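Hey, can you work out the whole structure from these sequences and the hints?
Read off the chains here:
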Amino acid sequence: MVVDVMPKPEILDPQGKAVTGALARLGFAGISVRQGKRFELDVIGEITEDRLAEVHRAAETLLANTVIETFNVRVEEAPEASEEDDQAESAEQTELATQAG
Amino acid sequence: MVVDVMPKPEILDPQGKAVTGALARLGFAGISVRQGKRFELDVIGEITEDRLAEVHRAAETLLANTVIETFNVRVEEAPEASEEDDQAESAEQTELATQAG
Amino acid sequence: MADTVGDAARTPDQAQPWAELGLKDDEYARIKEILGRRPTSSELAMYSVMWSEHCSYKSSKVHLRQFAELPTETPVGKLLAGIGENAGVVDIGQGYAVTFKIESHNHPSYVEPYQGAATGVGGIVRDILAMGARPIGVMDSLRFGPLHEPDTARVLPGVVAGIGGYGNCLGLPNIGGEVAYDHTYLGNPLVNALCVGVLRHEDLHLAKATGAGNQVILYGASTGADGIGGVSVLASESFDDAEGTNAGQAERSTEQVEAYPSTSSGRSSSTSSGRKPASKRPSVQVGDPFLEKLLIECTLEIFAAGLITGIQDLGGAGLSCATSELASAGDGGMHIDLDLVPLRNTTLSPEEILMSESQERMMAIVEPEHVEDFLAICRKWDVLATVIGEVTAGDRLVIDWHGETVVDVPPRTVAHEGPVYQRPYGRPEWQDQVQANGIDQLPRPAGGEELADTLLRLIGSPNLCDKSWVTDQYDRYVRGNSVLAQPDDAGVLRIDEYSGLGVALATDCNSRFALLDPYAGAQLALAEAYRNVASSGAEPLAITDCLNFGSPEDPAIMWQFSEAVRGLADGCRALGTPVTGGNVSFYNQTGSTPILPTPVVGVLGVIDDVTRRTSGGFSAAEHPIYLLGETRDELAGSAWAQVIHDHLGGRPPEVDFAQEKALAEVLIRASRRGLLGSAHDLADGGLAQALVESALRYGFGARIELPSEADPFVWLFSETTGRALVSVKEGADRDLASLCRINGVMLTKLGVVTAQEDASLEVVGQFMLPLTRIREAWQDTIPAVMATH
Amino acid sequence: MDPSVGPRIGVVTFPGSLDDQDALRAIRLCGGQPVPLWHGDDTLDDVRAVILPGGFSYGDYLRCGAISRFAPVMTEVIKAAHDGMPVLGICNGFQILCEAHLLPGALIRNDVRVFVCKDQDLRVESVDTTWTSDFTQGQGITLVLKSGEGGYVADEETLRRLEGEGQVIFRYVNGNPNGSFNDIAGICNERGNVVGLMPHPEHNVDSLTGPTQDGRAIFSSVINFLAARV
Ligand SMILES: Nc1ncnc2c1ncn2[C@@H]1O[C@H](COP(=O)(O)OP(=O)(O)O)[C@@H](O)[C@H]1O
Ligand SMILES: [Mg+2]
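Residue numbers (my numbering), protein chains in the order written: chain A, 1 to 101; chain B, 1 to 101; chain C, 1 to 789; chain D, 1 to 230.
Just so you know, these hints were derived from the structure itself, not from any lab. Here the structure is a predicted model, which is why all the values come from computation and not from measurement. Even for Gly, the Cβ is constructed at its ideal location relative to N, Cα and C. Please note that the accuracy of each hint is not assured.
Computed, partial: chain C to chain D, Cβ under 10 Å [as the list claims (entries may be wrong)]:
(1) Pro289
(2) Leu294
(3) Arg476
(4) Phe657
Below, simulated BS3-like cross-link-like pairs (lysine-lysine); rule was C-alpha separation at most 25 Å, straight line [what the hints assert, rightly or not]:
(5) C:Lys661 / C:Lys467
(6) A:Lys17 / B:Lys37
(7) A:Lys17 / D:Lys118
(8) B:Lys37 / A:Lys8
(9) C:Lys78 / C:Lys24
Here it is, written out as structure tokens:
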């Protein structure tokens, strides 16, 4: 499973800002970046609705600070998938999105 | 667009280790975590193959440290999507996967 | 399938990749002779890494002996441990001892600057911890390519962040170091890290495994595939198969990971074009400073409980090194069950487990009745600890894997009786040309305006400018005992809050001088570090060194090395400062271009009351300013020659250890008597640089009147050694004068400290520069370059 | 003051705490009775005030303070804080207090993106707290600042409330070192018993090892407050 955590839009994001500036200096124009975190969770056992809800709680309690961050929990295959697999993989994704935070 | 950057599997991930331990102490059992970064890129203009390739280069040059990290570039809608949108969104994803790093 | 001792006996002629692992054919032959059979692949792994340059000192040993022959007495007492231990231990009185050592992590810091530098700090801290000491501070001596080079913008910030990131997280104040630039370091930066620790005399621990039946405990991080790129050649299915993918890596087995400048995969770091990694086994190590902090506290609690009979850190060569060194230094053998080693990656082969350089691990020898208490303390600190073997009555190191023996060797042959080389060395022909290419023809500035302009250009040059862009990323306050730290000449740490006992440390090396004359260059490094320590008011006691050179297979480099060692040994004899330990780093070169010879010297001093330390900054208006020592026209290799003329040639300044001792005596006594408002040693950039730094420290001005017969250029910019700039407290002039007379140190009145308001630096009859202008020229250099990246 | 009769003040050691010894020493030098507390315990050992010290608890992995906030001792600290016990969070301690929601807002990576260690000028904005009563309103002080994630952020409404209610108690002057909103260096809760600040007063109690002695007033404030209540 994957939990994405991003700074809320109204919170300043010094790292994203720095990356944006650095990209421009490197000649990559017209790209603006926000930097967050990606957690890949290896969950033992079958992924049930209950298990998803539990991960959601874990994200809310620990992985994200909802004062300044939003998060998004979803099921995703191992990320090392090669190009060919990707279509299939994407289609398989089940998402349990959230505006939490 | 989104660039995910993760520590290579064989590389020590002290952060993921700390999170794994903390989750266990909080009673979220059987979850092991690796922690990486998620960059959300706002790219001006249409997303063409060329543009994708450019972002790929940007990821390789700046966003990921390919000595110790792998990355993955893909097109993804704004992540603030609500639950309803997700299916559609996932299906729309085009991926330009990579084992770079 | 692991290659067992039985297999080795059955298949004596099986081909083995010893050359790929860096062994020479006679070395391989000797291994076979020692064992009376071919080695197993695990044994081959152990020998190859332990007999590498990095671990065995095979090229340097014959020269380093000179250090061991030095007297081991300091003014305070005998060394409690010297060369041969993880780090030397110096008695500093009141029942306290101090241990300190400097070590290189050059190559990894080029490949991956942040992690390379970070794990360099981590490694040296564990060395200090293993002596039974609490680590109390770190320093770092750094060399980079030219500041404006794009690759410097990759390496420098990463290295600095790594040193800060690791040291800050351990809670160790960083109290000093160096940063210098030269184009020879562009493809081969130097990262030398020093750690100092303190212990009570009775707490000294040594790395040896004694007492049959005692348990071997591995604790700290679990073992992963870190730093074993080269060895995966052994683990691959078939040896042929490995050659394609691993050739580049194998070339850089542990020895070379530290030693060789990268020629292949390492370079790819930040700008690679998506090439596939050569191997799944990384040669890069990632550090976990948080775990190391726990390891420190846990180990100190175990020491305090008296639960350990021997201890060793795991650094280069990992378990191979720790098991063979402990067993070799002890009185018996050792048996290890490799299956018990906790793994982060379960696919590791026994060879890889033995070679892994996973960080934050220690190995302890513990009596059986103490094991439970030991493990309990580890649990308290959340540190993984596992009994993996025991000390045996025999004299073999035996390692089993899945119930079969994969290693059965005499440990001394692995750890302490490796090959020793008498590498050929000779003074290169070009040395004469370099020395003949003096500075006589270089135009010198004339008149006040040109002098002022020269001063501003020098102080803004990368080697002389403000270093706070670097040092502000380091915590210098943590632990509450930092009495002096950067930018002062020496770092001073309080050891005892009640008695005021403290230590001072400085590291130095001017590698430009070392190129002009490696013998003198090493002595100049020693003299400068010694002078820095004395400037703080502390009495220099002992040294550590980190000798960074190019390839020992080049007779010219070997000559530089042997000259540096000889110079250092002679210098230490003259000053009465024993060498307690150190580190040699060879193969620092890019292609065939070696780095400037860089023998970094760290000097440790003791100060009996830290409240009497002397800072380098002018501290009150009206204090008279004096120059201690004699000034000669010595500008070859100077900052002036470099910055203004981009010139390196001639002969370096002369070293006079008798003068250095006399100067130190004056500085120490003056501090004890409380005569000084400030003291700052003269080195790079000469008097001009010292004046600027003393003024900028607290924002005071100065009015200087050079002696009438003096050549103002020579007086301001010469780099003659044995000198210091002092300001003197009210009414203390006569005391200082008599101290100088007694010790035979020339004393010249230069002028007076002036007010902070509208402060300026005035050299009467020459120029007057507002301090604001000086500060601007001095402090913007590094930030301006870094801001553009 | 004799430390054995001064009020008992606890300092919690978390795994990775670094300035805990310094905080204990500061309490002693300022006349309190320093009491070490352990993160894994569920007792406050009869202390009358608690300090969460600086450091990198749990390596500052994930987010600074995020993991420590769940330590067993924090249950007690949170309860005591709600009951009015003086609680001070210094640097990492401030981050823990925010993560524990004892103080509003959060601390994020410095806008300069590097660790900053410097002698920082501050203005004391409020003396109406248990920890700042010995300062004078508007006093200019200098304290050691050393942190990588010291940028104080909060939503607009929270900022308005903090400013309006006098809960901003230290402000950076002569330059904002880390991008903190409104130059905020330290805040308190509504009641004024819980205070968090990024700079390190415990490194400014002894002129030998710190740039000033301006940190003493923090410790003497709470010691005087507690002494008056005996
Ligand atoms: N340049 C040197 N000067 C003095 N002693 C040295 C030098 N280089 C190495 N040594 C000593 O040789 C011994 C072996 O060094 P080393 O292998 O670095 O120790 P470690 O086991 O910690 O890696 C140590 O005692 C070290 O202090
Ligand atoms: Mg060692």
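### Evaluation of the interface hint that places proline 289 of chain C against chain D, nearest CB under 10 Å
6 Å, holds
### Message
Less than 10 Å between beta-carbons is the criterion; does leucine 294 of chain C satisfy it with respect to chain D?
### Response
6 Å, holds
### Query
Given the proposed pairing of lysine 37 of chain B with lysine 8 of chain A, does the C-alpha separation stay at or below 25 Å?
15 Å, holds
### Query
Given the hinted pair lysine 661 of chain C and lysine 467 of chain C, is their alpha-carbon gap at most 25 Å?
29 Å, violated
### Query
Against chain D, with CB atoms and a cut of 10 Å, does the hint on phenylalanine 657 of chain C hold up?
Violated. Min distance 32 Å.
### Query
Was the hint right that arginine 476 of chain C lines chain D, CB cutoff 10 Å?
Cβ of arginine 476 of chain C sits 6 Å from chain D, so the hint holds.
### Task
Compare the distance between the alpha carbons of lysine 17 of chain A and lysine 118 of chain D with 25 Å, and conclude whether the hinted pair is satisfied.
This hinted pair holds, its Cα atoms lying about 24 Å apart.
### Message
Please verify whether lysine 78 of chain C and lysine 24 of chain C have alpha carbons no more than 25 Å apart.
### Response
40 Å, violated
### Query
Holds or violated: are the alpha carbons of lysine 17 of chain A and lysine 37 of chain B at most 25 Å from each other?
Given that 25 Å is the threshold and the Cα spacing comes to 15 Å, the pair holds.
Checked against the numbered hints above, the structure breaks hints 4, 5, 9 and satisfies the rest.
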